[in-house]
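Participant: Each chain is listed here by its residues.
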Amino acid sequence: MATMATPLKKNRLNHHWRWFANHLASVLAVLATILVIAPLVAIFIDLVYKGASSLNWNFFTRLPAPVGEPGGGMANAIIGSAVLLGLASLIGIPIGIAAGIYLSEYGRGTRLSNLVRFTADVLNGVPSIVMGIAVYALIVVPTKTFSAMAGGTALGIMMIPTVARTSEEMLLMVPHSIREAALGLGVPTWRSVLSITLKTAMPGVITGCMLAFARVAGETAPLLFTALGNDFWSTRLNQPIEALPLQIYVYALGPYDEWHRLAWAGSLVLIVLIVVSVALVRYVTSRGVLKGAS
Amino acid sequence: MGVGIEVNGLNAWYGTNHTLLDITLHIPANEATALIGPSGCGKSTFVRCLNRMHETNPIAKVTGEVKVGGVDIYNDTTAVEVRRRIGMVFQRPNPFPTMSIYDNVASGLKLNGYRNRRVLDEVVQRSLQNAALWDEVKDDLKKKSGASLSGGQQQRLCIARALAVDPEVLLMDEPASALDPVSTAKIEDLIFQLKSQYTIVIVTHNMQQAARVAERTGFFLNGRLIEFDSTHKIFTNPSDKRTEDYITGRFG
Amino acid sequence: MADSTFRWLMLLCALSIFGIVALIATELVTHCDITLKKFGLKFFLGSAWNPVNNDFGALPFVYGTLVSSLISLILAVPLAVGVAIFLTEMCPRALRGALSFLTELLAAIPSVVYGLWAIFVLVPLLRGYVDPVLIKLLGWTGFFTQPDFGIGMFAAGVILAIMILPIISSLTREVMTAVPHTQREAVLALGATRWEMIRMGVLRNARIGIVGSIILGLGRALGETMAVAMVIGSSPTITKSLLAPAATMASVIANEFAEASDDTYRSALIEIGLALFIVTIIVNMFARLLVWAVTRGAPARAT
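Residue numbers (the numbering used here), protein chains in the order written: chain A, 7 to 300; chain B, 910 to 1161; chain C, 695 to 997.
Think of the hints as simulated: they come from the structure by calculation, not from any bench.
Treat each hint with caution, since some may be false.
To be verified - Estimated spans, in silico, between C-beta atoms of each pair:
id	chain 1	residue 1	chain 2	residue 2	range
1	A	L121	B	D1089	52 to 60 angstroms
2	A	A27	B	G949	52 to 60 angstroms
3	C	L706	A	E186	46 to 54 angstroms
4	C	I976	B	N984	54 to 62 angstroms
5	B	T987	A	E186	54 to 62 angstroms
6	B	E1045	A	N120	13 to 21 angstroms
7	B	N984	C	M784	50 to 58 angstroms
Beta carbons: idealized from backbone N, C-alpha and C, even for Gly.
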């Protein structure tokens, strides 16, 4: 039986260095956190400070004033965004949820669904401007016009992977017992999936859609050469249309202080919309989406 | 050489759950002491109080006195120092999967700043020999990862890892419960041999195991130490009826 | 009968994901055929971007993309991992929820809002306080020289860093949390300080996943468009100084596509888009595989 011939001596220098390293690590980690939170806080403060004062009735109801003149609003951009997002949701939500249904209810565990899920995740990482070019080529070129249709399609296609993934996740959480109960009652599968499984997962699915919605609400790049932008009232689907992020982009780069003011205000509106969505999503998912399920 | 452990009025909580009530005992040096009792009786918590692992849980609380080799481990020294001098082997083997066998055993040494190749080689070999694993792995020390061994080998690797930092006490929390009978027997043989150099405290579900390896045995029930005596006495002529009930299998 | 129709419908929608990829690929490829044929692969090696003469070389944009992404990684990775470590291992429970919500919020801010803030707040800050220091201390390297207008490669790198921080941080937290508690205990039981436990018991085990999250951040940085377009200065040149204006693949498309009057010009821009598409797909695939390998089993959250 081998014994300890060279017992370990206590190493004083090393001992102090270890405690120093430990404290240094804590300090650096806290510092990193502060440095990360700081820009966020700064952005929010700036948005409120610079944008809130411009949020008046004019802002929400009037068109942009002639170049540089005060008193205009971003009403057409807000309406335009609403139209585009409505279109996008019409395309993205049904297809996305359907894809999620397939992944969860029919293809669970199969190689195909793994591939679909993987591809959806990868697709989420593709720059949105690429999506814009593709839809430009697909719709704008043949129709020879920029249009709300094209913009909405671009945004809608972008929603599909996100909605599919979140829907799948929420559907997976529905306990098996519920599906079995439905089948036991003699309900056809398609009915059970829609009326029972999907219904149970609905709160979570909706919040997933909201997440995707909030994400594309702020997208500018895919609209640059699809919706293009429009200085006037327009809600026609085959004409260019304005959108809030697009308008912010143009105004931010412009030379007029008035434009900059509007850009801040528009950004504040966008951010409020998004923050509310994110907070809601967090709230719903943390409370347990399926409280009524069991 | 091992040292003795004095425990006086030890109380422990998990949040509001009072898991240990007024434990007082003396664990002799260079002996194996077994702790038995039904699930949830507090024996694991007790052992984790001995090397201050209990407090790593944020809702944990400890009061009372624990002296190891005369040193009050809660007031006279740091947790880091305590854990270096009191080694622990866990229920499920937990070797470091990203490290080789050699690096696993040497990990504790490297933490303490020992870099000399020669010293490390020597200590790694000795620890693996003491853990009865040397012959099986001596050719693959740096080639195989710690997690590529069988369950029994992994546990002996964990024992070697604990021994490498030259502790005075070795705590073993049901070390063989996740292993097959052959590996279990090997571990028990090991404890027999390690006794002469270290003080060993072993928590076990298996009464036969306690009878085989330990000189003293303590019986825990509902957070209290019911009886603490020589193993022989506990198993042949226990003083407390509850001990007798447990031994004879009436519950637990 | 209705059952199988329904199932086919759902399947079709799931397959639409592949369809989207195929759609993008085909549209891009067919619409950049002019420059594909004219320049071939030399397109990405030429550094002259001259729409007037119909001479197109995309090297400045490749350079801009790579350098701005590199700057953003250098700045973001230490901070993101630091935050992840703080939130997972050091943060008191009470603060954890609020702080992680805040970092999640960073990910939700649209690119154009980052750009707006960058133009009016970040760039003046850099120009006024940070750049002069950099010029003074590091001017000898040639990477930080006058003239300095504030906008440029460095500013783009900084705003990119802020934008990719949340991804790297949240994914790193996920892989760190996935490390079993028993590993942490094993290190502590050997007599390790908290930092040593984090280093040896958590980071070491999670390192593959952390690398994956960094690559994912890189993927995002490569394709980020609006904020970069707004602060990089849109100059199709390659300059050594990081304080000089530049352009990235994404920013040039954003800035010049609307004005691209003739087919060759547009084709050149679309070809850049194609390259961006391919590169980001590859980088993202690689990153996702790494992360998946570590958090195996649990379906990765759709971020």
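Participant: All hints, please: hold or fail.
Facilitator: Here is how each hint holds up against the structure:
The supplied range of 52 to 60 angstroms is broken by A/L121 and B/D1089, whose beta-carbon atoms lie about 40 angstroms from each other. For the pair A/A27 and B/G949, the beta carbons lie near 39 angstroms from each other, so the given range of 52 to 60 angstroms is not met. A C-beta distance of roughly 27 angstroms is found between C/L706 and A/E186, which places it outside the suggested range of 46 to 54 angstroms. The hinted window of 54 to 62 angstroms between C/I976 and B/N984 holds, with their beta carbons roughly 59 angstroms apart.
Under the hint 54 to 62 angstroms, the C-beta atoms of B/T987 and A/E186, about 56 angstroms apart, fit the expected range. For B/E1045 paired with A/N120, a C-beta distance near 39 angstroms fails the hint of 13 to 21 angstroms. About 25 angstroms separates the C-beta atoms of B/N984 and C/M784, a value inconsistent with the hinted range of 50 to 58 angstroms.
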